[in-house]
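K.L.:
So you can see what is in the structure, the chains are spelled out below.
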Amino acid sequence: MEIIKQGEIVTSAWVHLGDDEPLPAHAADLTVSLARLLEQREPLLARAREGSGQVGVRLTPADELDPLLPVLPELSLVAIEFPKFTDGRGYSLARLLRDRHGYRGELRAMGHVLRDQLFYMHRCGFDAFELAPGKSIHDALEAFSELSVRYQAAADDPRPLFRRRSAAP
Amino acid sequence: MYQYDAHDQRLVEERAAQFRGQVQRRLEGSITEDEFKPLRLQNGLYMQLHAYMLRVAIPYGLLSSTQLRMLATIAREHDKGYGHFSTRQNIQFNWIKLEDVPRILDALARVQMHAIQTSGNCIRNTTSDHLAGVAPDELEDPRPYCELIRQWSTFHPEFAFLPRKFKIAVTGTPDDDRAAVRFHDIGVRIVEDDAGQRGFQILAGGGMGRSPHIAPVVREHLPYEHLLSYLESILRVYNRYGRRDNKYKARIKILVAELGIDEFRSQVEAEWEQIRDGALRLERAEIDRLKAFFAPPAYRELPSADLQLQAQALGADPALRYFVANNVLGHRQPGYCAVMVSLKAPGRPPGDASDSQMDALADLADEYSFGELVVTHTQNLVLPHVEQTRVGQLHAALREHELATANAGTLTDSICCPGLDFCNLANARSIPVAIEIGERFERLDYLSDLGEVSLKISGCINACGHHHVGNIGILGIDKIGEEAYQLMLGGSPGNDASIGQIVGRAFSRAEIVDAVQTVLETYLGGRTGEDERFLDYFRRVGLPPFKEALYGDHQAR
Ligand code: SF4
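Taken in sequence, the protein lines are chains A and B.
Residue 45 in numbering that gives the first Met the number 0 sits at position 46 of the first sequence, with consecutive numbering throughout.
Residue 376 in numbering that gives the first Met the number 0 sits at position 377 of the second sequence, with consecutive numbering throughout.
Derived from the structure by calculation, the hints contain no laboratory data.
Fair warning: there could be bad hints in the mix.
Some residues of chain A that are not near chain B, with every Cβ distance over 12 Å (derived) [said to hold, decoys possible]:
hint, residue
1, 18
2, 37
3, 73
4, 99
Interface residues of chain B toward chain A, partial, derived using beta-carbon atoms under 10 Å [what the hints assert, rightly or not]:
hint, residue
5, 13
6, 245
7, 420
Simulated coverage check for chain A against chain B, where a stretch passes if three residues somewhere in it have a Cβ under 8 Å from a Cβ of chain B [what the hints assert, rightly or not]:
hint, segment
8, 78-88
9, 110-118
10, 148-155
In this text, a Cβ means the ideal position worked out from N, Cα and C, and glycines have one as well.
Isolated chain B (complex conformation) (with noise of 0.2 Å):
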């Protein structure tokens, strides 16, 4: 992985020097808490419902071990012993104390991590594909381009005060996009184009939030070595013509939107023709360069080994198999896996660790994984790089402190934001409703039938838990001083894109995870077998029959 130089550690250090003497000033009172607020949110500091939450960024989700030890050591002296991982590949503690953060801040310099620019109307940390690198599909590793992005936007003078925050993915793999590229402000996906040559796809203005938007395409096909002329145009023109009047306009989506994708691309192409052949060019040497970062580990010459068979010879133990069937993934590499860890156990907020698994999970990447972890958008963490015969041992080891939950990519590996728990901004409960999903559907067996479904909960409509692209989605609403939940169907956010629809009048607390239930209840009595997901069943017959199951007799109401 990426290894800071002396420029990037100096860079680190001296932003945590920077911001104690801005705590320092906001402690003395020499700056008020309006002039407080975008400093703090430079650094990634929220004031929540109880306490200050802190947002540390992984780029593009890529975590040492000893990174790991870090966070678990930050989880266990300044929050309560847990730490939540994020739908951005991030991981917050929600209970930090503003004298703390700038201790904090150094021992995360110390092991080259900081909490720049994860919040505030600045370019965020860059997302990708949590199997980058591993995936046996995949055209080419996007992790250099995503450090390229990390550098060209860290501290980028022209673009820390944008309308609104900015987001960007990448993936490397066309055919099946793991990222959600195409809901982010800035999509990047690494295509060839037909004559087979490489280079960068670029989509804009897709997002979340109030008004869910899947990306268009500005870009066709983008030589490597103008990526980051090209996005510093895109920038450029949203930072100068992106509305400002108005908090719920100011996505750039509502920009592309408002212009029409012709006409945004005209002003980014001729911003574009300005620049491109100026000081962001790239060369290929420092392209090299940053591949180097991100060679494959040391890996043995294994032959293939059969795990379905393996986990059979194993004897009895379904944990093992559905946990091999859900969470073992497959690898570029011959006999070796990735390892899906759900953070997902019935009961659990999801996402969350603790201190002690964080600890964990540390020792279990250097034994089984080069040391390396993968945070996914999903809010799990994946073990990289793991060989196929040692599975069941490293299942067993997970199973010692609660990580073996064997529900990846089914419907309790749910997507679920802080919610009214945490987020001074929500309207209903979002956690309460995920646990109360997994423990309903605990049944692994019950779980294997329905395959593939995911579920996505948001407390409010800024949609940080992905609710309208979950094939099952969940938004927390206020009606009238109560907590109240509208149902989404037919979400996705992968190649297939698509944004959930809306099935009727909202559910109480009380009410919607029976209506998850009936949900659920439709498809498997109607699907054709056990090859039609939910998604594909959702896409031939629509919402009727879901609408009759939920309403048809209460229509009279």
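Isolated chain A, as found in the complex (with noise of 0.2 Å):
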């Protein structure tokens, strides 16, 4: 599918795996929930060892990280979950993620992904957005640039304004 990753449509071929699906034989990049991650774990990542593809977690609002901390540095995609898009709690995952357990590798919004949520989601660190179905993500591409004043410390700029304003001649 495409999505947008680093500012850039990008096409995607990692597989959302279903608690309730096997593991495929053949090699893919797979996201599975953070309980199957978990229970998983050797074999998911054996995978990975072989070359079999990349493992990365699908998180829920709800889900706490510290379970997912000690795996953490093992998965190559972080995917947050957006049942609806009035439902802010993946925010506070991704800047926790980001902030404070140095999480670098890609940081993936997904489900009730809109255009007008993709500055705030940027702004909390996450890189890669799929869209929720029928979207334009051409238009979507345009949310990034529309606001250029940004008044707090975030993930994607460790200095909030009243230190850069202090720090201007």
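Both chains are given apart, each in its own frame, so use the hints to dock them into the complex.
P.N.:
Here it is in structure tokens:
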């Protein structure tokens, strides 16, 4: 599918594997739920070591990060699901992953992801976006440049505006 | 007052342009109303009963005369010639066309104003004491901190989709809370600890609505440099764990109540430990930079005048005497006072001002008050820096514009939500009740005799009219398809915060004003003297005498 990644439209080959779907025999990049990742950690990571595809996790808004942390360095993708765009918990998860736990891999927003949320998502550290079905990915690209002023420190700029103001001559 | 720099200005201009695009996409149909709704809400645009309502932010209530003139222009050109000042120190226009909104936002941006985050489930406009910077009993001016919070919360990327709306209030007068901070999602009080060290007391989980709560203290004393990191910690805990399954349980007050304040506090503090010394830590230089914007204006050196004497000397003008007694407030600068301009003239919807009144007030602000005005949460306007000796003159000028009603702080200085005349959530009309009460109790000698008593009216349980904290509160309910009104007594928003108690069965539209009269007569008949305010009397005797007077004869029914 087409996604936005680091400001460009690219094709993503990741497969989002449901909890009751078996691990495919062929090579594929897979995301699984946090529960499945913790349960099948060994077989999943073994696939990655054998070159049968990368492993990622799909987090739901209610997931806690603590159980994920030991596995985090092994993951190539963390996807955070937005069941509804009005559910803002994923923004906090993103900031915690980036700012507190030092996750540097791909951080993808998926689910009910709309153009007008991208600016906020990007600021919280998301760098990849699967838009909700039926939404124009080309239109969505414009969203990143609509607002250029940021008061807060966030994942995209560690200094709040007041720091940058006082640093200016 | 705060002046935008190039960053702030660019932000509001870009925001106006962005919303123009969003409106365009809505008008073309490329986004649905469902998808447009949160976007328009984050720009303060509501769909009301008859038209769109646009809410414009007035940060902590502070307005320049230039800004007020622009609001008058918008009222004239895009509304029906008036605006409505709200209990959140904002202004609302009730008759707005969607396609006009981008032009209105451009106009607002030209005077450093916007409608950002005046609705939606995000951090709303920060409110404060309407006497900030001039109150004689103030410990420290809260507005620099309000402005800090305004900037931190504007487009905060993490907190744009909270479980529910979020309101922060700040007071710098610990002894007299005029900003009702205990009824906000977060209340911030500037305090001094036993060692005289300045800091913030942080409260959280207060609110009105269907389950009123008085906010408990989360932290007794927070050093100033940690204000933003602490707020961010509270918001993060709330964003992650506030309830999202039920709109009516989604405010932070429910989270705080369900966890208990101790558990809530420990979650907040654990979060804060992680970020307290990070990027949000404030530096003295930034505070000082903001403080400079709120430096006092160039006051003249004046002796203090005795206004009471002066008003009497002015002769037989009882209107001016009452005005001085009720609407003229103390000031920290000798020879100056703050003047409350009541927007509660008899026969007018509380909080409304016409375009010509706004223009007139802007001129008077220039002439008498260094071009500044403040919107109060009681839906009035304050001219904060008036020379005492010019009060008579100002009063005469206000009179010409029907702005000299001398009822500040009295019964008819009521708070009232828009109710069923405008609001699609309402059960009952509230404005006509306020107007009828205003007309029935118009006489100033009667109002003066009653003394300090507050009346607050909401058209439904959402409590935009703050009925829970009225000494007398009226709540519109729906009684099998009929408008009816519940009466509450004993509420107070301030330092002695309390939530009003329901007296008994609700009253019909025809009965409610009589019921208020009965309550007042019960008080006047029972008080120990003029010194015993309505609230004191209520706290002494409780509901029984009121119940007796209101329902006694009809108990059998
Ligand atoms: S209290 Fe109810 S009726 Fe009044 S403005 Fe709020 S939502 Fe509308």
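K.L.:
Determine for every hint whether it applies to the structure shown.
P.N.:
Hints, one by one, checked against the model:
no. : hint    : in the structure
1   : 18      : holds, 22 Å
2   : 37      : holds, 20 Å
3   : 73      : holds, 24 Å
4   : 99      : violated, 6 Å
5   : 13      : holds, 5 Å
6   : 245     : violated, 14 Å
7   : 420     : violated, 29 Å
8   : 78-88   : holds (count 5)
9   : 110-118 : holds (count 4)
10  : 148-155 : holds (count 6)
In terms of the numbered hints stated before, the structure departs from hints 4, 6, 7, listed from lowest to highest.
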